Amino acid sequence: MKLLVTFSRKGGKQPLIAQTVKDTGVLINVERAFIESNEGEVLIDVPDEDTEIISAAMEKAGARVKKIEDSVIRDESECVNCGACISVCPQDVLSFDETWTLCIDSSKCVLCGKCVEACPHQALSLLP
Amino acid sequence: MEKTIELINTRIRDGNARAIRADQMPDIVDELGVEGALREVDVVTTGTFGAMCSSGAFFNFGHSDPPIRMEKVWMNEVEAYAGIAAVDAYLGATQKSETQGISYGGAHVLEDLVAGNSVRLRAQSRGTDCYPRKTLEIDLTLEDMNQATMVNPRNSYQSYVAASNTSDRTLHTYMGTLLPNAGNVSYSGAGCLSPIPNDPGLRTIGSGVPIFLCGAEGMIIGEGTQASPGNGFGTLMTTGDMNDMSTDFLRAATFKGYNSTLYVGLGVPIPVLDEEVVRQTAVRDEDLKTTIADYGVSNRNRPDLREVTYAELKSGLVEMDGEEVKTSSLSSYKKALEVADELKSWVEGGRMQLALPTRRINTEKTARPMRDRARAPQVRDIMNTSLVTISEDEKIQTAAKRLLRGEINHLPVLDDTNRLVGIVTTFDIAKAVASNGKGGTVRDIMTKRVVYTSPAEAVDVATRKLEMNNISALPVVDENGKLAGILSAINLGKLFERGWKR
Chain A
1 MKLLVTFSRK
11 GGKQPLIAQT
21 VKDTGVLINV
31 ERAFIESNEG
41 EVLIDVPDED
51 TEIISAAMEK
61 AGARVKKIED
71 SVIRDESECV
81 NCGACISVCP
91 QDVLSFDETW
101 TLCIDSSKCV
111 LCGKCVEACP
121 HQALSLLP
Chain B
129 MEKTIELINT
139 RIRDGNARAI
149 RADQMPDIVD
159 ELGVEGALRE
169 VDVVTTGTFG
179 AMCSSGAFFN
189 FGHSDPPIRM
199 EKVWMNEVEA
209 YAGIAAVDAY
219 LGATQKSETQ
229 GISYGGAHVL
239 EDLVAGNSVR
249 LRAQSRGTDC
259 YPRKTLEIDL
269 TLEDMNQATM
279 VNPRNSYQSY
289 VAASNTSDRT
299 LHTYMGTLLP
309 NAGNVSYSGA
319 GCLSPIPNDP
329 GLRTIGSGVP
339 IFLCGAEGMI
349 IGEGTQASPG
359 NGFGTLMTTG
369 DMNDMSTDFL
379 RAATFKGYNS
389 TLYVGLGVPI
399 PVLDEEVVRQ
409 TAVRDEDLKT
419 TIADYGVSNR
429 NRPDLREVTY
439 AELKSGLVEM
449 DGEEVKTSSL
459 SSYKKALEVA
469 DELKSWVEGG
479 RMQLALPTRR
489 INTEKTARPM
499 RDRARAPQVR
509 DIMNTSLVTI
519 SEDEKIQTAA
529 KRLLRGEINH
539 LPVLDDTNRL
549 VGIVTTFDIA
559 KAVASNGKGG
569 TVRDIMTKRV
579 VYTSPAEAVD
589 VATRKLEMNN
599 ISALPVVDEN
609 GKLAGILSAI
619 NLGKLFERGW
629 KR
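Chains A and B, in that order, give the protein sequences. Numbered per this note's numbering, the first sequence finishes at 128, counting up by one with no gaps. Numbered per this note's numbering, the second sequence finishes at 630, counting up by one with no gaps.
Hints listed in this document are in silico derivations from the structure and should not be mistaken for laboratory results. There may be inaccurate statements among the hints.
[Stated by the list, open to error] Straight-line C-alpha distance at most 25 Å; calculated DSS-like pairs for lysine-lysine:
no., chain 1, residue 1, chain 2, residue 2
1, A, Lys-108, B, Lys-442
2, A, Lys-114, B, Lys-593
3, B, Lys-610, B, Lys-523
4, A, Lys-114, A, Lys-60
5, B, Lys-610, A, Lys-114
6, B, Lys-523, A, Lys-114
7, A, Lys-114, B, Lys-224
8, A, Lys-13, B, Lys-454
If you're wondering where the values come from, they're calculated on a predicted model, not measured in any experiment.
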């Protein structure tokens, strides 16, 4: 399960992820991180069964946690199933099924947005 | 055994014609043999659905009162060509909006009209005795116009070169997003389902032949612009009535960083007249080859990276230099199948009868590049060849002195064998002095990843490198890897000083 964690750094630079790993004993995989002077946003991957423990621990430390399930949103009325998005995705999120229909496996998505830019029909967007 | 077009049309009228989608033909021929397939199959339906920039439509808006001779015309702020009669105009798919840029182009206006939406027509004129009105602004739908006739100068490429990019930056092209270091491959075309690959000799595809065009019953006008069937790149000029079209088979698109374009659904029904037609329509993706070209090179003649079949491209992975690289189709194969299925239902349902070409397309013809009278300026024409360089072991202070003496800002750094290994600028030296004092060698402060050009590179390409990298000079490296000069923004002035001539 992927979690998008946002936190403020105004109260000082807390080692949020390291602390959570230490406290829970759950290994966290950091997929993407944007850290600015005041706040930070980190996309992490954790085992499905540990999702609640991690969310609770991070929320207790003052972070906001959002489960990422349907990260890539497809506008069915715009998509023509061309596949321009498929090869630009670094995570193999997008593929064709046997009927040449585009399939999206959001569980692998790291919210990079490359598919959104590559779509000639402006049919893709990332979760709000 | 041979079948006449009259026989096939009689079967279509009687509802007895058997149509087969082109991608299913190889298996049928395997099963029934060529003779058996000729007996069983009357029509093979083809289809493609992809970006076809060379598309657009002629409109006749009807006369207003008082009348106007429209000299300039905009439809939803996208300019249409009005240099024809008083209330006629041609709107091209790639013309961009004057207010929204490439995110809304001629293609989007066409889609809006086909969707039934009204479009704001704005026109200007100087006014004449017979056409006194000078301006006009009105909302019109497709129904309000006398004609909305799609005429696409170039559709339905026989095959198209696939694209990759060996440069070190992401490119945004008409072939979509091309990742750096040959990170992906993009291609276009439906392969064995595309019309011309099923009749490369253009016996049944030519002027006057009825086709499926964006959901309407359209027609082939003749060879498309830039047609090059002599080397496997045939094209078709097509026409159809927009009133009969559907947004299921006509879609506007915008390629980021490039332009707007129109996705056109097009299918040609091929009458199965003889064994030759059976053999041609039994083509498989494995038999259809194209090349992967390197779009990282900005020349007209982009180098080929490798030959590839449509079967490999459609598989999703292509091997390049020992690595598996993902492919992206820009055209929709799913939609192409829908086009061919729709066409099949038209033929089997008696809705569309076939015709042979009233004029054959010349299959020998090949398209030529522009005959350049004036060669575009190259870097060697304007580069500075009086070189001031430094070696990487020299002190920073030496570099500073050399820059001052030469009144220059860029100092190429050479190794023992005179190869370019870096570049030092006045900014690098200022930075070094500000932070570490004057100690250290050139090697410590030089930029090692140098963006460079070559003597034969077009100045336009070199200028784009300066812009994209936000730099003001490029070392010029010749084919032997030796430094031949330096091109700075100052040298570009030479192009304007005296007007560049050969």
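Going straight from one Cα to the other, do Lys-610 of chain B and Lys-114 of chain A come out at no more than 25 Å?
violated, 38 Å
Are Lys-610 of chain B and Lys-523 of chain B close enough, with their CA atoms no more than 25 Å apart?
holds, 23 Å
Could you grab the alpha-carbon distance between Lys-114 of chain A and Lys-224 of chain B and see if it respects the 25 Å cut-off?
holds, 24 Å
Within a Cα-Cα threshold of 25 Å, do Lys-114 of chain A and Lys-593 of chain B meet the stated pairing?
holds, 23 Å
Would you mind confirming whether the straight-line C-alpha gap from Lys-108 of chain A to Lys-442 of chain B stays at or under 25 Å?
holds, 23 Å
Compare the distance between the alpha carbons of Lys-13 of chain A and Lys-454 of chain B with 25 Å, and conclude whether the hinted pair is satisfied.
violated, 41 Å
Hinted pair Lys-114 of chain A and Lys-60 of chain A, Cα distance within 25 Å:
At roughly 33 Å apart (the allowed maximum being 25 Å), Lys-60 of chain A and Lys-114 of chain A break the hint.
Pairwise hint evaluation, Lys-114 of chain A against Lys-523 of chain B, where the allowed Cα distance is 25 Å at most:
violated, 45 Å
Hints 4, 5, 6, 8, counting from the list given before, are not met by this structure.
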